[in-house]
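The whole structure should be built from the sequences, with the hints applied where relevant.
Letter by letter, the chains look like this.
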Amino acid sequence: MQSPRLIDQLMPLAPPELRAGDADGLLRFVNELLEATIDAVAAHIAILDERGTVIAVNRAWREFAESNGAPPGDYGLGLNYVRVCRAAAGESALGAGDVADGLEAVLAGQREHFYLRYPCHSPNENRWFQVRVNRFRVAGLARVVVAHENISETMEIEERLLLEHVNFSHAARLASLGEMAAGIAHELNQPLAAIANYANGCLRRLRSGAPADPNVLVEGIERIADQALRAGEIIKRLRAFARRGDLPSTDVDLAQVIRRAIELCKPEAAREGVVVEFHPVSDIPRAIADRIQIEQVLVNLIKNGIEAISDAKSERCRITIAARPADGMVRVEVADTGPGIDPAIRSRLFDPFATTKPNGMGLGLSLSQSMIAASGGRLSLESTGPDGTTFAIAIPIAPPGRPQSPTLIPNRGSSQNHTSRQE
Amino acid sequence: MTEPGNPVVYIVDDDAAMRESLRFLVESVGLTAKAFASASDFLNSYKNESPCCAIIDVRMPGISGLDLQEQLNARSISIPVIIVTGHADVPMAVRAMKAGAFDFIEKPFNDQVLLERIQRAIDDHDREQSIQAEKESILERIRTLTPRETQVMEMVVDGNANKQIAANLGLSEKTIEVHRAHVMSKLGAGNAADLIRMVLTATR
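Quick note, the sequences are listed as chains E and U, same order. The first sequence begins at 173 in the numbering used here and counts up one residue at a time. The second sequence begins at 32 in the numbering used here and counts up one residue at a time.
Simulated from the structure, these hints should not be mistaken for laboratory data. Misleading hints may appear alongside valid ones.
[What the hints assert, rightly or not] The calculated label-pair distances, taken between Cβ atoms and stated as ranges, are: (1) 63(U) / 390(E): 16 to 26 Å; (2) 141(U) / 406(E): 14 to 24 Å; (3) 390(E) / 141(U): 18 to 28 Å; (4) 63(U) / 357(E): 25 to 35 Å; (5) 447(E) / 121(U): 37 to 47 Å; (6) 63(U) / 546(E): 44 to 54 Å; (7) 401(E) / 92(U): 16 to 26 Å; (8) 219(U) / 382(E): 37 to 47 Å; (9) 221(U) / 387(E): 47 to 57 Å; (10) 497(E) / 144(U): 51 to 61 Å; (11) 514(E) / 154(U): 42 to 52 Å; (12) 37(U) / 546(E): 54 to 64 Å; (13) 398(E) / 219(U): 54 to 64 Å.
[Unchecked claim] To spell it out: a stretch of chain U is covered by chain E in this simulated footprint if at least three of its residues, at any positions, have a beta carbon under 8 Å from a beta carbon of chain E; those stretches are: (14) 43-49; (15) 135-145.
The model shown is predicted, which means the values in this text are computed figures rather than measured ones. Just so it is clear, CB atoms sit at the ideal spot from N, CA and C, and this is done for glycine as well.
And the structure:
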């Protein structure tokens, strides 16, 4: 489709004397128009030559460079932008290497466009950018326009929507866990009652004094074994359910997961007057796990802690969560100031249906342990006594060298200084 | 009819393991057990054998335990029912008892408790059936009386002396004495107290 030429549309704006034939003046006019236009755009725009050298940038680009500490006047003009991106990628800027690859493909004419979203977090905020690379030809020469755009707001909305969705399914799953516990209780009753009936039937036959038919006893005992297996199957299904619908393990920011877990327990903690504290060390490595499972386990541990404290009417009502790297894992400790775990149940603590709670199913710790084990981690009782109980979760650390994000706007000499790191 | 045979315990439960294990347990104390997978199976094959009782799971697909109790009531089958519930559910127990269940028991149950309740239910049914049988036989004997004899019997039971009865019926005291002797011998009553007890039993 042939659109009208821009210059023809703009010409009426030019002063009459320029239109009359002042070629230099007309060029200046067009240049001003062009500058005013690209400066008016919020995206950070750079125009590159066919080799990728930055030949022009707009105001937004300049301002962003300055806000990232570039000296005034130094916006990377004359630098090769592909190399700038490669350098940034070398220091593990998420997406920088991809931008370099995309740029090269567009410069080489292998593709006309390139588009990427990438994180570019500053110490104060989470920022997301998108970059668009477009190729165009002027007088037979290829040029490239690079436009970076801050899409943090869009991303925030998207993330919120995603989070709401995840929360919803999470809540649904928590609810169904509760329903299922009731269902399981009923279902387990059947084989357990049958086992009791067969066992008692055998005993009564043996104790009656009359000679018991061995075939009948064998039948009874066989049924006991069958029903014990049936009960085991029910438990197996329960475990499978706990793992069902998991998001695949990804690298998770544990600090964030811990804060969310605390958030979820807040109403209960407030009701019981328990303070839940989180002391992160400065640099918690990211961990490989299912975010929701870790969160469920943490919520379970925190709630157990709250219950222990409130049941014992402890004077100090505090749950302290700490996270730090240890032995190639991330170690998260949940410590309460409750009265300690009853020695009678300590050895069976992680067994299904071991509970000290009047209305407890005794499944929380057992399921928690299975969930953590499923993602290659460990859940253990660290210590327990009159001063409190500490549980420790160890989760595998994510492979290094990923999610740091420098800005991709260079300034001469010290582009690395602009690398902003996520907290 | 109602000769006291070997007691029968009916078991109605849709869960095969529960049903069969209950049968195994019940048989271990020498009782006869008959197990059914559904309320309708049970209703279709129930014969008035006695004495007996039924152990019925409250939660069954189709006709539930409570529904079954109501159907038994509707058919005037007075077999004592022990309702088995899955959990301590007071409203459920209340409903079961109101529907006319003899007893209810919560799963999982102590076998001793269950067997004792089964025995109590059977004894109760046994007693109930003996009373029924006696009532039947008394009614049968009453039906052999002539209208006049029946009249005299009713007046005796109402506490009238022969003289009053004679005056009321406009007959001689002697005639009343003859009627009365016939009533006593036809019913097999040894004395007036016997007669009164019999008539009260039959008309209860």
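Each hint, compared with the structure:
{"no.": "1", "hint": "63(U) / 390(E): 16 to 26 Å", "in the structure": "22 Å, holds"}
{"no.": "2", "hint": "141(U) / 406(E): 14 to 24 Å", "in the structure": "23 Å, holds"}
{"no.": "3", "hint": "390(E) / 141(U): 18 to 28 Å", "in the structure": "25 Å, holds"}
{"no.": "4", "hint": "63(U) / 357(E): 25 to 35 Å", "in the structure": "33 Å, holds"}
{"no.": "5", "hint": "447(E) / 121(U): 37 to 47 Å", "in the structure": "40 Å, holds"}
{"no.": "6", "hint": "63(U) / 546(E): 44 to 54 Å", "in the structure": "51 Å, holds"}
{"no.": "7", "hint": "401(E) / 92(U): 16 to 26 Å", "in the structure": "24 Å, holds"}
{"no.": "8", "hint": "219(U) / 382(E): 37 to 47 Å", "in the structure": "42 Å, holds"}
{"no.": "9", "hint": "221(U) / 387(E): 47 to 57 Å", "in the structure": "55 Å, holds"}
{"no.": "10", "hint": "497(E) / 144(U): 51 to 61 Å", "in the structure": "57 Å, holds"}
{"no.": "11", "hint": "514(E) / 154(U): 42 to 52 Å", "in the structure": "45 Å, holds"}
{"no.": "12", "hint": "37(U) / 546(E): 54 to 64 Å", "in the structure": "56 Å, holds"}
{"no.": "13", "hint": "398(E) / 219(U): 54 to 64 Å", "in the structure": "58 Å, holds"}
{"no.": "14", "hint": "43-49", "in the structure": "holds (count 3)"}
{"no.": "15", "hint": "135-145", "in the structure": "holds (count 4)"}
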